[in-house]
Amino acid sequence: MRVNGRPVPFDPRDPQLAATRLLDVLRDRLGLTGSKEGCGVGECGACAVLIDGRSACSCLVLTGQVAGNEITTVEGLADRGHGDLQAAFVRHHAVQCGYCIPGVLTSCAALLERNATPQRDDVTTALGGNLCRCTGYQRFTDAVCDVAAARRGAAPADDGDGDGDGPVGAVGSANSDGQRAGGS
Amino acid sequence: MTTPDTAGTPPRNWVGRSRPAVEGAEIVTGELVYVTDRRVPGMLHAVVVRSTVPHAEIRRLDTSAATALPGVVAVLTAADVPVNALGPREVDGPVLCKTVVRQVGDAIALVAAEDAATAAAAAAMVTVDLEPLPVVDGPDAALDPASPQLHSVGNIAGRIAFASGDVEAALAGADLVLRRTVHTPAQEHLALETPGGMAIWADGKVTIWCGSQNPGLHQRKVARALDIETSAVRMIAGPVGGAFGARNDDPVPVHLAVLAHATGRPVHLHLTREEVMTAGTKRHPFTTSIDIGFDRSGQIVASQVIAVADTGPVITSGPNVLKTSAEMSTGPYRFPMASFSGTVVYSNNSNNGAFRGYGVPQVAFAVENALTEAAAELGIDPVEIRLRNVLRGGDPHSLYRHRTTDSLQVETTLRTAAAHPLWTDRQGWQAAGDGLWRRGTGLACAMKGVGMGSGTGDVARARLEIDATGAVTIWAGPNHTGQSIQTTYEQIAADALGLPIDAIEVRVGDTDFVPESGPTAASRSTYAGGGAVTRACAELRETCARLGLPLATDPAGTGEKLVELGSAAVEAEFFLPSTEDIGLIPADQLATYGPHRVYGACTQVVRVEVNIRTGELRVPDLLSVVDCGTAINPAATIGQAEGGALQGLGLAVMEEHRLVDGVPVTTNLENYLAPTIADAPHMQTVLISGHEDTGPYGAKGMSEVVVVPAPPALAAAVLDAVGVLPDRLPVTPERMLTWLEEQPCG
Numbered sequence: 001m002r003v004n005g006r007p008v009p010f011d012p013r014d015p016q017l018a019a020t021r022l023l024d025v026l027r028d029r030l031g032l033t034g035s036k037e038g039c040g041v042g043e044c045g046a047c048a049v050l051i052d053g054r055s056a057c058s059c060l061v062l063t064g065q066v067a068g069n070e071i072t073t074v075e076g077l078a079d080r081g082h083g084d085l086q087a088a089f090v091r092h093h094a095v096q097c098g099y100c101i102p103g104v105l106t107s108c109a110a111l112l113e114r115n116a117t118p119q120r121d122d123v124t125t126a127l128g129g130n131l132c133r134c135t136g137y138q139r140f141t142d143a144v145c146d147v148a149a150a151r152r153g154a155a156p157a158d159d160g161d162g163d164g165d166g167p168v169g170a171v172g173s174a175n176s177d178g179q180r181a182g183g184s
Numbered sequence: 001m002t003t004p005d006t007a008g009t010p011p012r013n014w015v016g017r018s019r020p021a022v023e024g025a026e027i028v029t030g031e032l033v034y035v036t037d038r039r040v041p042g043m044l045h046a047v048v049v050r051s052t053v054p055h056a057e058i059r060r061l062d063t064s065a066a067t068a069l070p071g072v073v074a075v076l077t078a079a080d081v082p083v084n085a086l087g088p089r090e091v092d093g094p095v096l097c098k099t100v101v102r103q104v105g106d107a108i109a110l111v112a113a114e115d116a117a118t119a120a121a122a123a124a125m126v127t128v129d130l131e132p133l134p135v136v137d138g139p140d141a142a143l144d145p146a147s148p149q150l151h152s153v154g155n156i157a158g159r160i161a162f163a164s165g166d167v168e169a170a171l172a173g174a175d176l177v178l179r180r181t182v183h184t185p186a187q188e189h190l191a192l193e194t195p196g197g198m199a200i201w202a203d204g205k206v207t208i209w210c211g212s213q214n215p216g217l218h219q220r221k222v223a224r225a226l227d228i229e230t231s232a233v234r235m236i237a238g239p240v241g242g243a244f245g246a247r248n249d250d251p252v253p254v255h256l257a258v259l260a261h262a263t264g265r266p267v268h269l270h271l272t273r274e275e276v277m278t279a280g281t282k283r284h285p286f287t288t289s290i291d292i293g294f295d296r297s298g299q300i301v302a303s304q305v306i307a308v309a310d311t312g313p314v315i316t317s318g319p320n321v322l323k324t325s326a327e328m329s330t331g332p333y334r335f336p337m338a339s340f341s342g343t344v345v346y347s348n349n350s351n352n353g354a355f356r357g358y359g360v361p362q363v364a365f366a367v368e369n370a371l372t373e374a375a376a377e378l379g380i381d382p383v384e385i386r387l388r389n390v391l392r393g394g395d396p397h398s399l400y401r402h403r404t405t406d407s408l409q410v411e412t413t414l415r416t417a418a419a420h421p422l423w424t425d426r427q428g429w430q431a432a433g434d435g436l437w438r439r440g441t442g443l444a445c446a447m448k449g450v451g452m453g454s455g456t457g458d459v460a461r462a463r464l465e466i467d468a469t470g471a472v473t474i475w476a477g478p479n480h481t482g483q484s485i486q487t488t489y490e491q492i493a494a495d496a497l498g499l500p501i502d503a504i505e506v507r508v509g510d511t512d513f514v515p516e517s518g519p520t521a522a523s524r525s526t527y528a529g530g531g532a533v534t535r536a537c538a539e540l541r542e543t544c545a546r547l548g549l550p551l552a553t554d555p556a557g558t559g560e561k562l563v564e565l566g567s568a569a570v571e572a573e574f575f576l577p578s579t580e581d582i583g584l585i586p587a588d589q590l591a592t593y594g595p596h597r598v599y600g601a602c603t604q605v606v607r608v609e610v611n612i613r614t615g616e617l618r619v620p621d622l623l624s625v626v627d628c629g630t631a632i633n634p635a636a637t638i639g640q641a642e643g644g645a646l647q648g649l650g651l652a653v654m655e656e657h658r659l660v661d662g663v664p665v666t667t668n669l670e671n672y673l674a675p676t677i678a679d680a681p682h683m684q685t686v687l688i689s690g691h692e693d694t695g696p697y698g699a700k701g702m703s704e705v706v707v708v709p710a711p712p713a714l715a716a717a718v719l720d721a722v723g724v725l726p727d728r729l730p731v732t733p734e735r736m737l738t739w740l741e742e743q744p745c746g
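Here the protein sequences come in this chain order: A and B. Going left to right, the first sequence walks through residues 1 to 184 as the working numbering numbers them. Going left to right, the second sequence walks through residues 1 to 746 as the working numbering numbers them.
This is chain A alone, in the form it adopts within the complex:
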């Protein structure tokens, strides 16, 4: 078992560890508290990690089940080449409280690893198991599509939702202040 590219300093087949939830081993044994527990029954996705590149809820996986697998948590996403995805989430104002974000990012990373040209519907499918209570989700989709386009060397078009985040890097730049209209 390797976590974020490094072998773990324990035997995951040890009976007690093998029967412990992967989430608990990550958080309590390895100190990787990026993965969060939001429900404990696989419904919210806050604990999602990559297991051999596929996104899974680590609250539903026992450590013994993945004793020979490669695990990537949010802390390992940059080393796996997803630093641009993380930066895009910040740039697109896709984070509010941020508690769901580690799981959301790993699900998005898994999507980008299997599909270099995701459409908005593909992001919806990939994030179907990740609850967010703050954002309304569409900035996640904007960020993923933006990153996919940038990785292909293309500039995405504005998505017309009023947040002015279509062109890469628009939000946060000096002249972007969101769409304004009306006035009295």
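Source of the hints: derived by calculation from the structure; they are not laboratory data. The C-beta atom is built at its ideal place from N, Cα and C for all residues, glycine as well. Treat the hints with caution; some may be incorrect.
[Claimed, not checked] Some but not every residue of chain A turned toward chain B, in silico, with C-beta under 7 angstroms:
| id | residue |
| --- | --- |
| 1 | Phe10 |
| 2 | Cys44 |
| 3 | Ala46 |
| 4 | Gln86 |
| 5 | Gln96 |
| 6 | Ile101 |
| 7 | Pro102 |
| 8 | Thr124 |
| 9 | Gly128 |
| 10 | Arg133 |
| 11 | Cys134 |
| 12 | Thr135 |
| 13 | Tyr137 |
| 14 | Gln138 |
Dock chain B against chain A, hints included.
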């Protein structure tokens, strides 16, 4: 960046620009240590023993077996809490139940052990003999004199009533009178981080890391329970994963402090989702009746609203929620006469408390549905009937006749929404629907007060210190619970001081450093906290001007000199202004009604597709037009609008915390449905230009009002699609089918 003239007002470099959250990088890398992520060597793990029944007498509580289990450090009951009260009144409830439990999930004992498994095992060994009592399962039972009285004061948690004239007489002269009743459910906050954190007792002082929307209030609650000075309590209220009102009324900071105090060890507690869905607060379920009269032209003649709310076993925010309902029972409309009568009762249902919107979504659903129905009855366009009644800035409020802020722009939000393609193209879009999926478009609008209201003494404070390098640190409240309020405060301070934004650091949520600033609530953080930051910055600038120090051009030299002079720190406060004219409210009762001076507004347009065979709903598009004055950080404001609209839509179409005979049924995310990305519409947000003169750089609050229009806009869209106006939320497929059977749409 331009160099400001220290004698004049610095130019705006940051206010109005979208700036990513300052903690964003730590969030996306997983480095941000949330309160429940905190771990220290030697910490204990805690579990709460809870009631399994809604109402019972505690006959016997035996902790001996649990205490004897190896690894258990403490099993605490009511007798172990120095002052067993969550507030100054009996109706605030106890820290731990002693003689009676009044809801499923009521806390009875606290267990602390060397590891989590031992704590859980010990909790299961605590023997509680509960003698069931008759269950008060809602307002009907609560108001029945034959029912058990849940408190010494009875089953009424609060009443509020006001009338600006003889409404019945006025209704007698109306051309159209609608008398309708609507039902809105309890809604789960569903902040992704469940309550919890850590507490440490050391050197006569307890430090608690636990989410809170009101760190000062929790500090006082802990001090009361432990019978210690508030200065012996330090609340560090973040970082935390969401709030939405749930962290106003949360007892977990007190539970943590009691455990740390009793054991003298660091204690970790993190509630499960099932625990918080069972024991945590919800949005108050309401039954709201409206009698409203119109003349032929669609002008409102008068309205009477009667609301009954269920607050569960303890008072939490019940009466204050109802106060906001009263104020917003006339919607964003101007008409000559209105009355409101509200009652909030105790029951053995789940406790209900503060929730984003705070009593407004419930009454707004009644008012906006009535406007929608009246428009159809009178043959008037839904936008037109609202424009004919719209409350304009400076107008007297319809119930209290107090003066509203000049910056109120409900009308502009309505006109902007009505000019948007989602509204103008609604007939074409409807005609393009096919077969079983019928299409409709709906619109609704809302306003909501900013701050705690006139006469309540609402105040926020900020402390600012410049060091000898010219770096500025600001300690300000209200606290951050997900809106990155620090980013907003930094933008305000950078412009107010004329300094580079990187020279400014804002810290929030720590009672040892942040002066008392009230709650992150009532859409007040940007307005109140930003107002305090603005004033602290102005004070520093005045000091510099008086001493002839060039703050903007030589911050390091200025800082060095100020440190040398002992003038490097300033503190300022912002008292939220009351309305300029209190109208009909007696001056000595101003705080009782708490009318606002400042309001934000929002109009939303919702598209819906209804499957007439299955009753399913799809919501492909939602438009929010928001009146928030100056948007300090526009992208963050739009983010709040999107998230709030989706929370409102969740209430409209799927969210309902259900109980049977006082026993919660929806206790996990498998049977409580909340919107996923697949349920989220494409959302567009328009922030209209505006300026609130009393707010920082013209800003006012908006984070709650965006929740309010979605349910009635959805209902109006369903009416447009299939000819049925839902009067009960959420509009589930089962309910939709029932309505369609009662009124087939062909």
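Quick rundown of the hints versus the structure:
At about 17 angstroms, the closest approach between the beta carbon of Phe10 (chain A) and any beta carbon in chain B exceeds 7 angstroms, and the interface hint on this residue is violated. Contact between Cys44 (chain A) and chain B, as hinted, is supported at the beta carbon level, the nearest pair being about 6 angstroms apart and thus within 7 angstroms. This hint holds: Ala46 (chain A) has a C-beta 6 angstroms from the nearest C-beta of chain B, less than the 7 angstroms allowed. The restraint placing Gln86 (chain A) at the interface with chain B holds, with a minimum CB-CB distance near 4 angstroms, inside the 7 angstroms limit.
With a least beta-carbon distance of about 4 angstroms to chain B, the hint placing Gln96 (chain A) at the interface is held under the 7 angstroms criterion. The restraint placing Ile101 (chain A) at the interface with chain B holds, with a minimum CB-CB distance near 5 angstroms, inside the 7 angstroms limit. Taking 7 angstroms as the C-beta cut-off, the interface hint given for Pro102 (chain A) holds, the closest approach to chain B being about 5 angstroms. Residue-level restraint check for Thr124 (chain A) holds (minimum Cβ-Cβ distance to chain B is 5 angstroms; threshold 7 angstroms).
Given the 7 angstroms rule on beta carbons, the hint for Gly128 (chain A) holds: about 6 angstroms separates it from the nearest Cβ of chain B. Because the smallest distance between the Cβ of Arg133 (chain A) and any Cβ of chain B comes to about 5 angstroms, under 7 angstroms, the interface hint for this residue holds. Annotation: interface hint on Cys134 (chain A) holds; nearest CB of chain B at approximately 5 angstroms, less than 7 angstroms. Annotation: interface hint on Thr135 (chain A) holds; nearest CB of chain B at approximately 5 angstroms, less than 7 angstroms.
The closest approach between the C-beta of Tyr137 (chain A) and any C-beta of chain B is roughly 4 angstroms, which is under the 7 angstroms cut-off, so the hint is satisfied. Proximity of Gln138 (chain A) to chain B holds as hinted, the smallest CB-CB distance being about 6 angstroms (cut-off 7 angstroms).
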